[in-house]
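The task is simple: from the sequences and hints, build the whole structure.
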Amino acid sequence: MSASTPAELQYLDNTTDDPTRRAQLVVGDNDFHSVTDTVCGIVEMPRTPPAWWVAFFISAGMTGVLFAMIAYLVTTGVGVWGLQVPVAWGWAIVNFVFWVGIGHAGTLISAILFLLRQKWRTSINRFAEGMTIFAVVCAGIFPGIHVGRVWVAYWLFPIPNQMSMWPNFRSPLLWDVFAVGTYATVSLLFWYMGMIPDLATIRDRAKSRIRWAIYGVLSLGWRSSNRHWHRFEMAYLLLAALATPLVLSVHSVVSFDFAVSIVPGWHTTIFPPYFVAGAIFSGFAMVVTLAIPTRKFFHLEEIITLRHLESMAKIMLATGSMVGLAYSTEFFIAWYSGNTYEAFAFINRAFGPYAWAYWIMVSCNVLVPQIFWIKKFRTNLLVLWLASILINVGMWFERFVIVVSSLSRDFLPSSWGYYKPTIVDVLTFAGSFGLFMTLFLLFVRFLPIVGMAEVKGVMTQAHLKDVAVQGHGDYHGDILTERAEVHR
Amino acid sequence: MSADTTARAATAKPEQRLYALVADFDKVDQFLDAVRRVRAAGFTRWDCHTPFVLHGLDGAMGVKPTKLPFVVFGAGLTGCAVGLGLQWFTNAFDYPFLISGKPIFSLPANIPITFELTILFAAISALVGMLAFNGLPRLSHPLHSSRLMKRATDDRFLISIEAADPRFDETATRELLESLGALNVEAVVEA
Chain X
1 MSASTPAELQ
11 YLDNTTDDPT
21 RRAQLVVGDN
31 DFHSVTDTVC
41 GIVEMPRTPP
51 AWWVAFFISA
61 GMTGVLFAMI
71 AYLVTTGVGV
81 WGLQVPVAWG
91 WAIVNFVFWV
101 GIGHAGTLIS
111 AILFLLRQKW
121 RTSINRFAEG
131 MTIFAVVCAG
141 IFPGIHVGRV
151 WVAYWLFPIP
161 NQMSMWPNFR
171 SPLLWDVFAV
181 GTYATVSLLF
191 WYMGMIPDLA
201 TIRDRAKSRI
211 RWAIYGVLSL
221 GWRSSNRHWH
231 RFEMAYLLLA
241 ALATPLVLSV
251 HSVVSFDFAV
261 SIVPGWHTTI
271 FPPYFVAGAI
281 FSGFAMVVTL
291 AIPTRKFFHL
301 EEIITLRHLE
311 SMAKIMLATG
321 SMVGLAYSTE
331 FFIAWYSGNT
341 YEAFAFINRA
351 FGPYAWAYWI
361 MVSCNVLVPQ
371 IFWIKKFRTN
381 LLVLWLASIL
391 INVGMWFERF
401 VIVVSSLSRD
411 FLPSSWGYYK
421 PTIVDVLTFA
431 GSFGLFMTLF
441 LLFVRFLPIV
451 GMAEVKGVMT
461 QAHLKDVAVQ
471 GHGDYHGDIL
481 TERAEVHR
Chain D
1001 MSADTTARAA
1011 TAKPEQRLYA
1021 LVADFDKVDQ
1031 FLDAVRRVRA
1041 AGFTRWDCHT
1051 PFVLHGLDGA
1061 MGVKPTKLPF
1071 VVFGAGLTGC
1081 AVGLGLQWFT
1091 NAFDYPFLIS
1101 GKPIFSLPAN
1111 IPITFELTIL
1121 FAAISALVGM
1131 LAFNGLPRLS
1141 HPLHSSRLMK
1151 RATDDRFLIS
1161 IEAADPRFDE
1171 TATRELLESL
1181 GALNVEAVVE
1191 A
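Chains as they are written, first to last, in the numbering used here: chain X, 1 to 488; chain D, 1001 to 1191.
Worth flagging that the hints you see were computed from the coordinates, not collected in a lab.
Don't take each hint at face value.
[To be verified] BS3-like mimics (lysine-lysine), calculated; alpha carbons at most 30 angstroms apart, straight line:
#1 X:K119 x D:K1150
#2 X:K296 x X:K119
#3 X:K119 x D:K1067
#4 X:K119 x D:K1102
Bear in mind that the values here come from a model prediction, so they are computed numbers and not experimental data.
Shown next as structure tokens:
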């Protein structure tokens, strides 16, 4: 590749890997001010685009359906769902695991990629963290309404009650309450803290007094002071370090709900890593599904570049292959363990009444991501977008296969049956997408969807010519040189 | 009665005391040099305002490492103790009950909740501690009235030197900032 066309290479297509040059993370003719303009421009649009309203009304309508279905469920009972013993965990738990999994990409991008100094995360982390929170909101609804008598859902928490009884802390279901609760709280803190400087940017650009007041309060009076930035950076690093084991623990704990039981097909030690890999896989697919239309619609192509999307495709390839490996390991162990119940559970999964779901799962999760070995597919937005949707479908089916195929064929053949969801199940799940999209649309319209302060920090203009004090990445501090200067 | 006093009276009303001088820069290297010179001039009540974390700035300013990690560590230990204590109190002490022959209190079964509460307490303390050390939220501050400060969240790098600094002298400090290549120097008054 000749060096005569670096400008062409960098403009929009920054996916070429030239070891002698760092790839640009923000392409085009951008400086700090143009990044501010592009990102704040979305919040500051004088008129909300009609397409946003259309999407918002559809989503809000579906959210209405969700709440109507919940009201019907609460007033009538869980019999309105297709549950039948022994399949007492139907779509509600499938949806719960699905939505919690989606959330994992946000924390992976914001915390793990941060610790690994993957600077490309800065363009997409805000967006992905927002998605995490909205997904966790959707996830939290399902076990909440699944308990049957929702009005006593507070029994889940260690609150002194009229029976003077406490929850059973030796139950994985209670671990779930704490894991998901902590996860939601920490994700929200992380998201909000990262947003404070960007909210201050919107405050400082505000033309109207109301906007100035609202964003002024939200930004807590942030003055961009470097003495503040210093502690901010440390707090960010600490939160990332805390969120990293947390995100790995959340889906591990979710998998304990299954693995700690004795149901064949659930009682396996592979579940925690397998669930975490699947969660990250599905989360990245959802980020891609949302990012491609959003960046196009709001003209963010120069900030959320092709390289970002390509990197996500690579992560999907890696995690998709891990999930594939987990599927085959389960099969191998089912045979190798010599446990007839386990062997039956897996043969039943692949060739029994739910074989159709199993093969949808395998094709979407294992075969589809294999196209990402080819760069042409990683960088073709339509292919990438369609593949990400198929992966979402596949990951939902994974949870369906795990929950339903094992429960519907338990130890007692006389209680075997074929579980089918009712229309209420379907509408509740569809409604949860409405809620997710409603929150997402409000987010893109009213909050900074790209972490401007972080993106600016990884732009070439921010790099010092003085090599002695060059930092390694955003928000990591440059401890060695700082110490040296402090004691000088 | 000198001309100096008259000039002051004309620019600032008696209740509008000068709070700080603010200077802005647009190149990071030039800014960092200016910061080093301001520090070398011996100021103590001064600060920099940047749209993002600028590497090398902490060192150039001589910002001492924050104590925040110790606070977060303490909060994590507290969370750990609370998590373990809560499970012991509720399931082993206040209302002991046997579930499928499992021990009343055994560490392995109690680890997940202990872990989650450790993280929860530590994470909350990281945010709250950061804000507390920074004196935030503080919605009213003289610097918010500065015109130049509006771009500290956009694309400019600012130095502010408070009038309360013992080495502050309005004319000399202004001249220093101008000599460092500041684009503008603004006097910010207390509201």
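* Asked: Is X:K296 close enough to X:K119, meaning Cα to Cα at most 30 angstroms?
  -> holds, 22 angstroms
* Between X:K119 and D:K1102, does the CA-CA distance stay at or below 30 angstroms? -> violated, 48 angstroms
* Restraint check for X:K119 with D:K1150, where alpha carbons must lie at most 30 angstroms apart -> Holds: X:K119 and D:K1150 sit about 27 angstroms apart, inside 30 angstroms.
* Asked: When you check the alpha-carbon spacing of X:K119 and D:K1067, does it fall within 30 angstroms?
  -> Distance ~26 angstroms between X:K119 and D:K1067 Cα, so the pair holds.
In summary, the one numbered hint that this structure violates is 4.
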